[in-house]
Amino acid sequence: MSSERTLTVARAGREAVMWEMQNDPSVFMLGEDVFAFGGVFGTADGLGEMFGPDRILDTPISETGFIGLATGAAMAGMRPIVELAFVDFIGVCYNAIVNLAAKHYYLSNGQVKVPMVLMLGSGGGYNNGAQHSQSLLASLAHMPGSVVVTPSNAYDAKGLMHSAIRSDDFVIYSGQKKVAGVGMLGTPIKTSMSVVPDEPYTIPFGVANIVQEGTDLTMVGVSWTVHQCIEAAERLQSEHNISVEIIDPRTVVPLDRDAIFDSVKKTGKLLVADEDYQSFGFTGEVIASVVERDPSVLSCAPVRVANPDLNIPYSRPMELRVLPTADRIVEESKKMLGL
Amino acid sequence: MKPTAAQRKAMYSDIVRSREFDDRVLELYFADKMPVFDLAKGVIPGEIHSSHGQEPCAAGTMPHLTLEDTITSNHRPHHHAICRGLDLNKLAAELMGKKTGYCAGKGGHMHIYSVEHKFSCSGIIAEGMGPAAGVALANKMREQDGIAVSYMGEAAANQGAFHEVMNMAGVYTLPYICIIEDNNWGVSVSKKASTAIERNSERAASYGVYGEYVEDNDCDLIFEAMSRCVDRARSGQGASILEIQTYRLKGHMHGDQMAYVPEEEVAAMKDCVIEYRNKLISEGVLTEKEAEEIVSQQKSEVDAAIQFGLDSPYPDPEDAFQNTYAGVSK
Amino acid sequence: MVEVVIPNDMWEEDLEGVIVTWIYKTGATVSEGDVLCEVMVEKSQSDLLAPATGILTIIEDAEAVVKRGQVIGRIE
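Chains as they are written, first to last, in my numbering: chain A, 1 to 339; chain B, 1001 to 1330; chain C, 2001 to 2076.
Hint data in this document are derived by calculation from the structure and do not stem from the laboratory. Treat the hints with care, since some could be wrong.
Label pairs and their calculated CB-CB ranges [claimed, not checked]:
(1) C:V2065 to B:Q1322: 26 to 32 Å
(2) B:Q1257 to A:K265: 51 to 57 Å
(3) B:Y1325 to C:I2059: 35 to 41 Å
(4) B:E1265 to C:V2065: 30 to 36 Å
Output of the computed footprint for chain B on chain A, the stretches with three or more beta carbons under 8 Å from beta carbons of chain B [unchecked claim]:
(5) 31-38
(6) 86-98
(7) 142-156
(8) 174-186
(9) 287-295
(10) 300-313
Backbone N, C-alpha and C fix where the C-beta goes; we use that ideal spot for every residue, glycine too.
Construct the entire structure; sequences and hints are all you get.
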């Protein structure tokens, strides 16, 4: 019996997919470059060899078509996993996502289920230009009818993948590329790797993880920004003796608003960090969720650290300037705390 | 219309120039990303899709286009940009994210814009078609002469946009040419595995437009076929689909080992830089000496461009906040 | 004792690779066939499997540059 293993997010997610495919013949995967290539970000590595071309389907470059197909297969009782390499590509298939997959269950009054998982590679920070570096979390979370899962570490990645595949709901599984731990983006982020059990397990949707407890400030991150918050919190602790509480929602829809509220009630200060464009998104939603419940829990104005409302520039100094990095989080936190 | 000797020499010069550029970029790309490979590191970061092998598709088609004509390119734009005559210095600088680049570092490798050359690219597959057809429409409405051309790969014909745009090109009789570079691979998926028919040029029948397939990655044959499509567009006869058999000598992007391409296919791939040179020399259009001179000339221009890029400054981080809107201030 | 070695056929050409991450720590019990670590060459990533069952000792850490044939650990 082997000892405990520390895995990357990509490997942990794949493990869940493999187990589910081995144990449930209704599960199959489809997408571009999944069979021989293993997916553009390693999400399907080894699956083609294991399961063959009839269960790991390479599709043509026809996103709106194959997401429609997957929706139909799900409606017929199968459990497809669609691999859409870059979230930016939802531009060519948004109708299939928002008007088909996310709506059939409601419009049929619960008669027709769409037990489908849509995997997306999100985020930037590695100079791939405006059309390949977006997060677009707001565009996914905004429309009713889909669960939106955003694991920040390997343990959550595996549990949430098992839950996603077994769920009878349409689940969007958003994997940030730098959090995935694939070698081509440099050394994996240490805090993204976790000890992962061999056996399958599930993590319920709508339950946040309190990454660390604290008393002076609540930071809410999502996926990559959870790690930026962790780094920022370490610096605030060691340089200024500030105790930070970090909340990782793990699922953006459903969002664990209670956990966030309870934390802000304790600390009185809220900072939200998100790689998506600032306006009309996650950061605003988290703040609104607290304020509309009881604004008096806040001892100062909440702060958002997000990509500004502009397209993502290619050149390194410009891209680094717009990303919600630990540096920016530290700077904003110090302002909030009067340091 | 066949190319003249001068045009053939120019096409050879273009494919050499494009290849030299791509070779230098490849060298630079890997030079400073090792050993812990990180896409974000180095002088040329991100993902680069080189044009090794596909140069004739641009060199053979561009001679028919004037500065009145509009071009949209895709995620594999270097040969299009170079054969169109874009400034090598500004191209190199843009790939390096420098302030002196075509887009001052905003766009990068997949988003090269040159207004002077009516040239732009988009990284989303097949999405260059709509804008090109749109320029064709605008030109028609304003009774202006220019035609429009979009370049894409064979797998892009399976995008919804292909169907919609080609149909409208037919309905509106647009002076638009859809050029398809058939290198047989959409990243790791072969044409046979992704496309229900053998030739996308045959889909022209579905749209009431002209379709032609060039069976060889040869500048001269491509030149001739393009002349037919351009003549039709300029004389009000409408749109065409021109599909060209070509070879993607490297992976989809730098770092792709092409493990999925069968060995026999790799062995059979032809290299246009060698093939066309041999052809021109054997037909007496070029001497060995002239060919060497062309190579040496292009090498030195590319070297100068790369150096220009390396010597150029990066933009100020605050430049990120400029030019989000034309008329709105925040 | 069995050495954990970068296989000679793990990649082509005489390039250097790098250990991206170890899945097990020194002192861990591993079984033959377990994925021990991830190795990257240029942009390709491969899994290195345990050649035997036993206790692992890591000799080359994550981020170490490695060549084909290099010993990176042992299993006892």
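Okay, the hints, checked on the actual structure:
1. C:V2065 to B:Q1322: 26 to 32 Å: 41 Å, violated
2. B:Q1257 to A:K265: 51 to 57 Å: 54 Å, holds
3. B:Y1325 to C:I2059: 35 to 41 Å: 57 Å Cβ-Cβ, so the 35 to 41 Å window is violated.
4. B:E1265 to C:V2065: 30 to 36 Å: At roughly 33 Å between Cβ atoms, V2065 (chain C) and E1265 (chain B) fall inside 30 to 36 Å, so the hint holds.
5. 31-38: Per the Cβ count (5), the hint holds.
6. 86-98: With 4 residues in contact (Cβ-Cβ under 8 Å with chain B), the coverage given for the segment 86-98 of chain A holds.
7. 142-156: As far as the segment 142-156 of chain A goes, the hint is violated, because 0 residues have Cβ atoms under 8 Å from chain B.
8. 174-186: holds (count 4)
9. 287-295: violated (count 0)
10. 300-313: It holds: at least three residues are needed, and the segment 300-313 of chain A offers 5 whose Cβ sits within less than 8 Å of chain B.
Hints 1, 3, 7 and 9, counting from the list given before, are not met by this structure.
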